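Novice: Below are the chains, spelled out letter by letter.
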Amino acid sequence: MNVVRMNTAIKKKLSTRFLTWLDKRIPAKQQHTLDLNSIFILPTTFGWAFIAMSLSLFLLGTNYQNNIMLLMSYLLVSVMLLALFYTHRNMAKLKLSAAPVSPFHLNEAGVTVIKVDSNQQPESIRASGILHVKWIDTTEGHSHNLTTESPTLLLPITVKKRGLHRLSRVTFMCEYPLGLYKCWTHLDFDLTALVYPAAARGMANIVAIAHDDDINNDASVRNTVQGNSDFHALADYEQGQPLNRVVWKQVAKSGKWVTKTFDEHKHSQHYLSIANTIDTEKALSILTFHVLEMDSKGLPYGINYKSIHVAPSCGLQHKADCLTALAMFSDTNQTATGAST
Amino acid sequence: MNTLFSGFKRSRSLQTANSDLPYLLISLSFGVLILSLFEALLSWVLVLSGCAVFIRVAAFAKHGSQASMRTINLLAVLSLFALAWFGLSIGLLNSMINLLAIACSLKLMLIQNRRDFHLLFCTSLFLIGCGFIFALSIYAWVGYTCILSILLVSLALYHSPGKRFLDTSALVATLLAKAFPIAILLFLVMPQLPPLWQMPTAKSQQTGLAESVTPGDIASLAQSSSLAFTATFDNTIPPMSALYWRAMTLESFDGKTWAVSDKRRQAEQQLKGMNRPSPLSASSSYNDTNAKAYQLIIEPTQQRWVFGLEVSAPNNATSSANVSVQFDYALRARRPVMGKKAFYLSYYPNALLTSPLEGFERQLNLNYPTDSNLKTQAWVDTLTQEANSPQAVAHSIMRYFQEQGFTYTLEPNAMPSSPIDTFLFTERAGFCAHYASAMAFALRVAGVPARMVSGYQGGETLSQGVLQIRQYNAHAWVEALIDGDWVRYDPTSMVAPSRLSIGLEHALAEFGEQRNKSVFSSLTRGQWFLNVQSWFRQLDYSWSKWVLGFDKKNQNDLLHKLLGEITSTRLTIILLSTIAIIALLLVLYFVPLRAPSNETKFNRLFLHALKSLERYTQHPRGTTAARHYVTEISNTLTKEIRHSAFAAITVYEGYHYMSPCADEKKKALALKEMKNLVKQLNTAIVKASKDTKNGAHHRHP
Chain A
0 MNVVRMNTAI KKKLSTRFLT WLDKRIPAKQ QHTLDLNSIF ILPTTFGWAF IAMSLSLFLL
60 GTNYQNNIML LMSYLLVSVM LLALFYTHRN MAKLKLSAAP VSPFHLNEAG VTVIKVDSNQ
120 QPESIRASGI LHVKWIDTTE GHSHNLTTES PTLLLPITVK KRGLHRLSRV TFMCEYPLGL
180 YKCWTHLDFD LTALVYPAAA RGMANIVAIA HDDDINNDAS VRNTVQGNSD FHALADYEQG
240 QPLNRVVWKQ VAKSGKWVTK TFDEHKHSQH YLSIANTIDT EKALSILTFH VLEMDSKGLP
300 YGINYKSIHV APSCGLQHKA DCLTALAMFS DTNQTATGAS T
Chain B
0 MNTLFSGFKR SRSLQTANSD LPYLLISLSF GVLILSLFEA LLSWVLVLSG CAVFIRVAAF
60 AKHGSQASMR TINLLAVLSL FALAWFGLSI GLLNSMINLL AIACSLKLML IQNRRDFHLL
120 FCTSLFLIGC GFIFALSIYA WVGYTCILSI LLVSLALYHS PGKRFLDTSA LVATLLAKAF
180 PIAILLFLVM PQLPPLWQMP TAKSQQTGLA ESVTPGDIAS LAQSSSLAFT ATFDNTIPPM
240 SALYWRAMTL ESFDGKTWAV SDKRRQAEQQ LKGMNRPSPL SASSSYNDTN AKAYQLIIEP
300 TQQRWVFGLE VSAPNNATSS ANVSVQFDYA LRARRPVMGK KAFYLSYYPN ALLTSPLEGF
360 ERQLNLNYPT DSNLKTQAWV DTLTQEANSP QAVAHSIMRY FQEQGFTYTL EPNAMPSSPI
420 DTFLFTERAG FCAHYASAMA FALRVAGVPA RMVSGYQGGE TLSQGVLQIR QYNAHAWVEA
480 LIDGDWVRYD PTSMVAPSRL SIGLEHALAE FGEQRNKSVF SSLTRGQWFL NVQSWFRQLD
540 YSWSKWVLGF DKKNQNDLLH KLLGEITSTR LTIILLSTIA IIALLLVLYF VPLRAPSNET
600 KFNRLFLHAL KSLERYTQHP RGTTAARHYV TEISNTLTKE IRHSAFAAIT VYEGYHYMSP
660 CADEKKKALA LKEMKNLVKQ LNTAIVKASK DTKNGAHHRH P
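So the sequences go chain by chain: A and B.
Per numbering that gives the first Met the number 0, the first sequence starts with residue 0, numbered consecutively.
Per numbering that gives the first Met the number 0, the second sequence starts with residue 0, numbered consecutively.
Chain A on its own, in the form it takes in the complex (with noise of 0.2 Å):
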């Protein structure tokens, strides 16, 4: 897959009255089906070349006074004109809809999928030809052949910045049957990519605060705790927990999926932070980093940097929650002075 890269200048380039004017013509949806006004045409290079042709055909036919130069001259004009419409009507057979992006971290190769919902019909009233996917405002694309290849395309997103961003529109185009028109639309889907940071190894301080007793009033506290003590008990599995707790004997003699749980004496919960010294984004790095280990570790783990303030918890839907609040952590509370640290 091509990297997509934005590319400043271009987005520069990018009036935003022209993007205003697009959102009004193509507001954004999940699923798009083209019509008349989300369909741009206008002849290729080649299509203006063709055009020239018969104009000068047209002058020779003229010139020599031949007829049948004439008249063939008049048949490229007619096959220009219909490919106008053999163009737009391919183009109009599209159905193109988006999932929504799942988050994905700063560093990794995150994925747009497009399905293109036109294979579904007999073949023959399928569009086909090739069709080239980019950003808008990038340059390099991705070529899908609508005939030979499944119909989920995936576009790569490469930000620069963790957060949570506005995809912005996919550009579509295609030149069937004759290369003559270039037909293009640009959709928005509607997209947001929430973006965490990379994770990068460093240290980061693993407060544990100890709980006296009193976990047996906590009874959510207790279901999601698990640590490494003794065995106490078997519970349901739920979805998200190590499959290393499963116990597979009882699921192979029942059928059912049951966890032991543990007790765990001491109930530390973990508390993760760094030092405000250290450079925001590198700490926010850090922290994921932690959050990751934790996580794959099975301890309960919490967070306590700045702004964010997270209880100590575990799963999956808990980890997807730190990674969002450092992900959308923003310095804005901080002063910002250089001199105060």
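Only true hints are included.
If we take Cβ atoms under 7 Å as the criterion, some of the chain B residues that face chain A in the derived model are: (1) Cys121; (2) His158; (3) Ser159; (4) Leu174; (5) Lys177; (6) Ile181; (7) Ala182; (8) Leu192; (9) Gly338.
Subject to a maximum C-alpha distance of 30 Å in a straight line, what follows is the list of computed DSSO-like cross-link-like pairs (lysine-lysine): (10) B:Lys600 - A:Lys94; (11) B:Lys674 - B:Lys610; (12) A:Lys114 - A:Lys159; (13) B:Lys664 - A:Lys94; (14) B:Lys689 - B:Lys610; (15) A:Lys94 - A:Lys114; (16) B:Lys689 - B:Lys678; (17) B:Lys665 - A:Lys114; (18) B:Lys665 - A:Lys94; (19) A:Lys92 - B:Lys177; (20) A:Lys92 - B:Lys600.
These aren't lab readings, by the way, just hints derived from the structure by calculation.
Only a predicted model underlies this, so the values are computations on that prediction, with no experimental measurement involved.
Idealized CB from N, CA, C, for every residue including glycine.
Got chain A; can you put chain B on it based on the hints?
Specialist: Here is chain B on its own, set in the frame of chain A:
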């Protein structure tokens, strides 16, 4: 917006199994194009193109690599040098075509990206255009349209890799079929413009006639059967003996060659400038009522000759703009005939060719080189002593031809020195130019102004009122100025009268010669072949008349017929209605008709069957499911009805629970099955109702 796309880098074209097919097709079509142009191309250019096609085909067969850039550059430089060397001798048009062919071949050898392919396509289109300069028949049109369709198929294949070949060709075929009506409409309506500038002409054209005749020249024409022109008369064709088509008058003789006199050219120009009226109107025997209108369609000659029947003049005002009568009664077009052109003339059968400038013409036509052909001069002196009038002199010359055993042949011996002496006294065998030359010279010596006229004689009847005149009908005869009028004398009539009355082929047959000595001559005489040939000639004639001869006048006539007078408002109406018709055609092509899909047909059938069941059993279905319903009423049904009903239900359920991506074939099969089952069900119901009726009847005797 376009700037965004100018940098759009397309990934390398997706290589699939048949990705080489477009290249193969384009090279094949290029090969055929080159073959069709072979008369215009130099031999080494043909070889180069052949190599290019071969390389491309080999690359396709073996998936091998292409030629390198350096080889191509080297070849390019060499070819340009060679073309520059030869270019001057073959003329501008041919060198341009050769240059185009070379560029195309070199590009074919090395196609690296989209741009190259598109370039190749465009140059092939232009080559097709050039092909039409040389070939104008309907076969050429059909052939080139096939080449165009192959080119379009290769382009379509290039832009949609992976699609089946049949699908792509079907697409291109429908595209072309839909484009044709629009093209024809445009052709009928778009105004025919006059040539905007002078185009380079092909040097090696077979013009047939030339402005100078040395006996021995015209023998080469008799071999050619290419069409010179076609004449269409309203009803009857004039008799063969009257079919003299005048091309030009040759009044200057140097002892060997007759040529158009420069003095004549100057005089014509001066007289034109002075706006003197046409000689026909001045002629005393100009009689309007006997005039016969006819139409000429002349093949391209690059000359301004119009072969009018003696004596002809333009038919009406528009014709007069295109064609004028010279003072020697020959017709000239205003512009050279570059493409097939139609002329509308009137023929005055009884008109005399009165000399409009008697003094000048006498002087011009009495000149002869006194030191040439002395024997003839002596002989003429003896003739004049006996004769007492110019007519008598002419007659005695003609009698000489008749009595002295002259023969008509297309292959006389060469007569390099004193040709007329040799012809009259030694050889005594030749063709029309020999006879005409000898007679004209003799008359001049006798003091009778005489000139040679060249043109065509006779013609072949194609159909009612239509004559076709071919290059082998070229003829030369004599005119003598007697009592102020030019009188025609045709010495060939003394020797080979059949040549004039029946035609060249028969005349030669009398002398045991054949016009065309080829292997196929026995074949070509067969009756069926002549029938087929005649049919093709008819087709070609209709093509010429309706398509190629469709010029401004025809277009105006057509519009006139459709709309009456042509005013500017009516023209705008025509323009708007053309656009409307094209728009209508586009709507027809592209707005899909709502044909009932198979699915709705299927459902309708099934529901109809259920309804007939309801009617039969008088038990309404309501909202019950089909299977449930039939099970409910199964007691009241006969075995056959029950059987077909359940079978139909099974098919119905199977159809609707099929995967949505199921084969079209399966769906079609299901539909057919349902049709059969419904039919079965209906017959069973009908039978059952009849039985119950009969049963009821039987119960009540």
